[in-house]
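Note that the protein sequences, when read in sequence, are chains B and D. Taken in order, the first sequence gives residues 1 to 457; the numbers are from the numbering used here. Taken in order, the second sequence gives residues 1 to 457; the numbers are from the numbering used here.
If you are wondering where the hints come from, they were derived from the structure by calculation, not from laboratory data. These numbers come from a predicted model, not from an experiment. Be aware that a few hints might be false.
Put simply, identical chains are the same to the list, so a pair is met inside one copy or across any two.
Below, simulated DSBU-like cross-link-like pairs (lysine-lysine); rule was C-alpha separation at most 30 Å, straight line [to be verified]:
#, residue 1, residue 2
1, Lys230, Lys69
2, Lys351, Lys245
3, Lys245, Lys77
4, Lys237, Lys69
5, Lys105, Lys180
6, Lys85, Lys105
7, Lys144, Lys77
8, Lys245, Lys105
Number of protein chains: 2
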Amino acid sequence: MTKRILLAAVAALALPLPALAQTHDAAALRDAALRDDVAWEVTEGLTTEVGQRLAATEAEARARAWAVKKLTALGFKNVHIETYKMPVWVRGEETAEVLGASAQKLAIAALGNSGSTGSRGIEAEVAFFPTLADLQAAPAEAVKGKIVFVSHAMTPTQDGSQYGAFGGARRAGPNLAATKGAAAILIRSIGTDHHRNPHTGVTNWAEGVKPIAAAALSLPDAEQLERLLKRGPVRLKLLVTPQFKGEAESGNVIADVPGSDPNAGIVLIGGHLDSWDLGTGAIDDASGVAITTAAAKRIMDAGQPRRTIRVVWFGAEEVGGFGGEAYAKAHAGERHVFASESDFGADRVWKFETNLPESAKPIGDRLATALAPLGISRGRGTAGGGTDVGPVLRSGVAGIDLDQSGLRYFDYHHTPDDTLDKIDPEQLRQNVAAWTALLAIVANAPEDIGKVTPAGH
Amino acid sequence: MTKRILLAAVAALALPLPALAQTHDAAALRDAALRDDVAWEVTEGLTTEVGQRLAATEAEARARAWAVKKLTALGFKNVHIETYKMPVWVRGEETAEVLGASAQKLAIAALGNSGSTGSRGIEAEVAFFPTLADLQAAPAEAVKGKIVFVSHAMTPTQDGSQYGAFGGARRAGPNLAATKGAAAILIRSIGTDHHRNPHTGVTNWAEGVKPIAAAALSLPDAEQLERLLKRGPVRLKLLVTPQFKGEAESGNVIADVPGSDPNAGIVLIGGHLDSWDLGTGAIDDASGVAITTAAAKRIMDAGQPRRTIRVVWFGAEEVGGFGGEAYAKAHAGERHVFASESDFGADRVWKFETNLPESAKPIGDRLATALAPLGISRGRGTAGGGTDVGPVLRSGVAGIDLDQSGLRYFDYHHTPDDTLDKIDPEQLRQNVAAWTALLAIVANAPEDIGKVTPAGH
């Protein structure tokens, strides 16, 4: 490792001159971005004036109109909406009640794509599984007709990796419970807080599996239910009445900073405009579109970059990545050379990872130099983007991930608590500074940025 | 000040021997209490097996039955319920919605004793007042027919004093708004957190004033509404449908540790059994009854004290102190010489204050010595108790307050978030240790504890 670090340092000192000869001085632009107000204005405006923005609803359409107005006012070019159709799911009533001697209400929220209990609800005994693996191992007779309750032990991590490790209870638990004949399923919210605000999020059903009611208990309520189960059997009354509403329109909002060299390819950045319906989607993901937009504006205002920077406010990320898929399909004929997204809140970036072709490796070294003063170091992994730019990256486009701290992200993620007050303006500015440095370097890089092998392939 | 501290130290060194000659060694009992499990068991059991315990409801009655069983099992004597009648108020539906271009829902909870909007709700423009004083100063025509919104700027304080300073918006705001002709009133929750969980709490109406709908916005929602109001007028649809249900039964649960000297008077301690309906009342006030009960049991198990220790789990504190009043009235004929309650959560006790007659001043000095190792120092104020033992104290009975840290108390107070996970078992044990030392000293004090001038009189 020592040798590798030393080489990186030498490479950083030997910066190729063309990068510094641009109108875009990455270090100066980075430092100016630490006084940014645009990202806050976007985050504050979108979360206040629109509020929640569930995919393919009237609220998301209002958000697109808001975005067009804002991006136009900020001076971006070619600002427009590209629509697509997608299935819509909307929340209904949702209550859970312990029956019997310890009668009490529990706080729940339906998972996206949850089935319905019907308007009269259901009553059934709880079948408890401490982990998803326990549910997997259970015989169907232990589950049939029961309200399955799956727990987990997710903890906060800086890299957010336990969302992947423990999120299976939400992603796969409902389908599994349904195939075993469960009446419904409750999961311990995939989160790390202790507030009575359940974490929603999408679940999916295999072809031919009839959706059952699937909801998340807030973490205090999940622990309460576990305590009650330690004392003996628990019967619940559950009412969950969401609806599938058929197909409706969603859309991406696109804005460009045109580059001087049309052959150099497009640098694609952005975040997602839609949010879950419970909060106002401040960390998920108003701040993501705000950070990337503010950084792109800083480059635009400093002079024309070599490459076109395209900012996309993707639609319908939360409910299945429809916006990212639609963008990749619609723009498959264009030459994208780089793609990156911001979709992990607005706490400090602490690490970056790249997936650059051999010819463009010096970009990573220059970025390491530019980001170091912000407290950002190079990670050992390979950049893979997220749901929105994933489809573009998977076509062999290069990318860099700017990784934010996830230590408090899953306290608020997908809950009613995802609101503006969770955004720390100083950390938001550090994000803008990191993205500004990234764009100054990537959009102006003299190297050709060719195809790469996608991460995980 | 130096002189006063020095004298106190000398007094502490010159402990009167009789106190140490008891079977109750305050220091040893205190240290043993740092390994207490009883307080946790009571807190966990009551909040899990009963859950919320709104005054004069079926849930509070279940809690009384639970209390009798628990206090009896713990070995207390004379365990019984004393009932009284009181007016009952119960929550109904409660929703608030911004109308127009920024249509969105706001999280609210009705205040105790709130009036109703009727089942169809009301729509009206918001009249904003940054403070209660602004509402007070406003002419009736600025309020008439409007939904009044009163804010405040409460911050966390260790002594919790800003609850008094800023809580007027809840206590007096609704009555004031009603007298000026408001259609309804929303207040910024009297709290210090940033979660979407509104803080309820009781409000009161002057004779002849017709209750209007009165609800608290969660703090993020109050800030959201303020941001919207900065952009222009806001119309809201408000639905708040609580009901006054007439008179019903509530009650106090009483348990004794009989003393050896019937002439030495009763030492009255306790907390309240009822809770608000939104959470499970862990910090308010399962932990209070648990702490005082666990301490009394430690004294009981160590041998008979000189004075009878009476533990009361008061009913109906939250909604107007009915239990405390009923107890004082029913037991006016008994000689109480000391009263103290625990009703401020379960975080560390950091300060104590006394109101002792001249003859019993050495009790305070001995207590200072016994509490110092727990990180507790003597405050400069005068003990005044709380809602439950207040009526007894006001008859001239001596008291000592063990003051807990309030730095996070108003993050959870009166919200759905008042649940078991907010109790830190180690801090809970420190409370039991402090109360055990207090009881060892007070219940066995050889001094007569005579009448005092009540604090604030």
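How the hints compare with the structure:
{"no.": "1", "hint": "Lys230 - Lys69", "result": "between (55 Å within a copy, 20 Å between copies)"}
{"no.": "2", "hint": "Lys351 - Lys245", "result": "neither (41 Å within a copy, 59 Å between copies)"}
{"no.": "3", "hint": "Lys245 - Lys77", "result": "neither (35 Å within a copy, 63 Å between copies)"}
{"no.": "4", "hint": "Lys237 - Lys69", "result": "between (47 Å within a copy, 28 Å between copies)"}
{"no.": "5", "hint": "Lys105 - Lys180", "result": "within (27 Å within a copy, 37 Å between copies)"}
{"no.": "6", "hint": "Lys85 - Lys105", "result": "between (38 Å within a copy, 26 Å between copies)"}
{"no.": "7", "hint": "Lys144 - Lys77", "result": "neither (57 Å within a copy, 49 Å between copies)"}
{"no.": "8", "hint": "Lys245 - Lys105", "result": "both (29 Å within a copy, 21 Å between copies)"}
The earlier numbered hints that this structure contradicts are 2, 3, 7.
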